[in-house]
Amino acid sequence: MSGQQFDPITGQPITPQDATNSAPNTTIPGAQPFNIPGAQPINIPGAQPVGNAGAKPVNPVPVQPVTNPNPTPVQPAQPVIPGAQQAANAGQPVVPGMTTIASYSGTYSPKNPADKKKLMIIGGGIAAALILIVAIIAFSSGADKKPNDPIDIASSKSSKEDTKTPDGKKSDDPSEDKSSDADKKPAANTPANVDSSSMFAFTVDGETYSLPLPVSYFLEHGWTFQDGADASELLGTNETTFTSLNYKGKDTYCSVAITNYSFNAYEAKDCYVTEFSLYSRSLEKSGIEASIQNNQIVIGKSKSEDVTAIFGNPDHEYSGTLTYYKDHDDMNVFNTITFTFDDSTGVLQNLTITNEEMPEGFDRGEVNEATPDYVSQYKDPSSLGDDFLSGNFQLGGKVYNLPVPLQKLLDDGWSIASSNVAGDSPIGAEEQISIALSKDDQSIYVMLYNKGNSATLVKNSMITELSVYISSYRESDFEVPGLSTKTSNTDFKAMLDSKGIKYEYKDEYEYYKISLDQDAEESDYYNGYRIYVNSKEDSMDSITLSRKGWLAD
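Numbering-wise (UniProt numbering), the sequence shown opens with residue 1 and increments by one.
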């Protein structure tokens with residue numbers, strides 16, 4: 001597509017530097033880190049990682065980092081936190097209390113190419129008069145138009161205005177209307193609140209949908225779960241599952257992601273579709289047409305130039321795939337549309353639309369303020385002991401065992417240091433969130449977990465992971481059997497070897513990963529230690545202990 005490019009969201013011209021859409025990394029105070037598989041955590045001055053990466057701290061200021069989606073070989077990749085609450089901001093998980101961005105329709109408004117055609121077909125003799133008329137009309141209509149009114153969406157069909165006579169009246173020649181009633185398709189049956197020009201809308205067999213949308217809406221309109229058992233899968237708060245839907249009993253399947261926005265656990269059939277993938281082969285096999293943008297882009301027919309004519313230059317392009325992010329924010333992987341084209345024909349082969357933002361005004365349900373029964377099952381160990389794999393730890397002169405109730409540490413003088421979380425904040429079913437705790441001059445970072453199928457309060461949750469970042473600015477008396485913050489790397493390795501403890505060590509990252517279950521074929525990221533060391537200083541940099549133990553039973 002040549003000529004000036006226009007932003008498909010604002011309708012404003014795109015400058016060359018805008019077209020790169022390179023969003024800088026930013027830090028959101030109190031936000032929790034979002035981990036992309038394969039991505040490396042980065043160190044931001046003053047940033048402290050939160051209980052998920054074991055990343056090396058720069059200084060003791062408890063601000064949490066944004067994960068760099070373009071990995072650099074600093075530290076090993078960190079897995080996504082199962083159940084971690086995802087925010088509608090820059091790919092950062094949030095905890096209860098963080099402001100949620102309102103739902104966005106994503107309407108695109110690029111330039112109208114018909115304007116150039118009009119100027120070419122109008123005779124030079126009437127040009128001056130026409131310009132005067134246009135100027136008068138523009139002046140009068142501009143008085144009533146808001147400054148941010150969108151530009152009309154460019155149509156791939158020829159404009160009917162091109163067939164008008166110079167005086168603006170339509171020609172009476174019936175031959176100009178080539179279409180017949182048989183060629184005209186009925187208007188799509190759309191829910192009242194669906195904008196078919198939305199970034200997140202798509203049409204299948206004349207029916208228009210816009211994500212996120214309740215699974216029940218699809219079921220009411222002829223869709224069924226390809227595997228019936230998937231319909232009853234129980235999802236915790238912000239948990240997502242991936243499955244397939246079939247259309248009206250035909251051999252047409254689409255891949256979907258289903259998310260539970262509620263504070264309480266629900267079956268998949270009672271949750272929301274947040275991602276939808278359409279495949280040309282499946283559609284062609286059953287003779288069903290699927291499209292977006294008011295039928296201007298059709299799966300199995302359109303090509304990349306049809307897409308860029310409407311959406312503009314892609315935010316990301318790779319090997320026959322074009323991706324657009326909401327607001328052109330390439331950190332926003334939760335609100336995207338991706339087009340995949342056939343290598344040989346250039347025809348649109350697959351389309352994936354993702355919108356994980358919670359619907360505006362969504363009722364997340366009731367929160368049970370009672371302490372869950374499982375919390376009472378916790379028992380303090382009698383001593384720290386000498387078993388490195390026991391899950392015992394000492395903090396502030398007291399001995400605990402993971403998992404431990406958050407309330408236990410609160411009772412022992414620790415306080416919640418995260419600005420967007422309080423003890424009375426809700427934590428959803430099966431949800432995990434990261435927070436900071438402080439006491440005197442010590443700070444630790446913990447992962448909280450609510451095992452139940454109902455929401456409860458943060459103060460009633462369990463700590464299943466604890467991270468300590470060693471700094472000369474702050475002392476920490478954190479200790480586990482055979483290891484403290486003052487232990488040298490040399491002594492630590494000698495302890496492991498003397499006890500025959502199996503471990504993984506990455507020289508390039510100076511990183512240990514040790515499973516509490518030594519018989520496991522593969523080490524469990526959430527059942528063991530993740531320890532970073534400084535070989536030059538022969539010291540510990542950070543210690544993370546993770547264990548669900550009896551909570552996982």
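Hint data in this document are derived by calculation from the structure and do not stem from the laboratory.
Where hints are given, some of them may not hold.
Below, in silico cross-link-like pairs of lysine to any residue (SDA-like), each with a Cα-Cα straight-line distance of 25 Å or less [as the list claims (entries may be wrong)]: (1) Lys451 with Thr371; (2) Lys269 with Pro214; (3) Lys250 with Asn264; (4) Lys398 with Gly385; (5) Lys548 with Thr485; (6) Lys248 with Asn264; (7) Lys379 with Gly423; (8) Lys398 with Lys506; (9) Lys513 with Asn534; (10) Lys486 with Ser472; (11) Lys513 with Lys459; (12) Lys486 with Gly385; (13) Lys248 with Asp306; (14) Lys459 with Asn527; (15) Lys398 with Asp363; (16) Lys451 with Lys301; (17) Lys548 with Lys301; (18) Lys248 with Asn350; (19) Lys439 with Gly396; (20) Lys493 with Lys408; (21) Lys499 with Ser488; (22) Lys548 with Gly500; (23) Lys502 with Asn350; (24) Lys301 with Asn264; (25) Lys548 with Gly346.
> Tell me, which hint numbers fail for this structure?
Replying inline: Those not satisfied are hints 3, 6, 8, 11, 13, 15, 16, 17, 20, 23, 24, 25.
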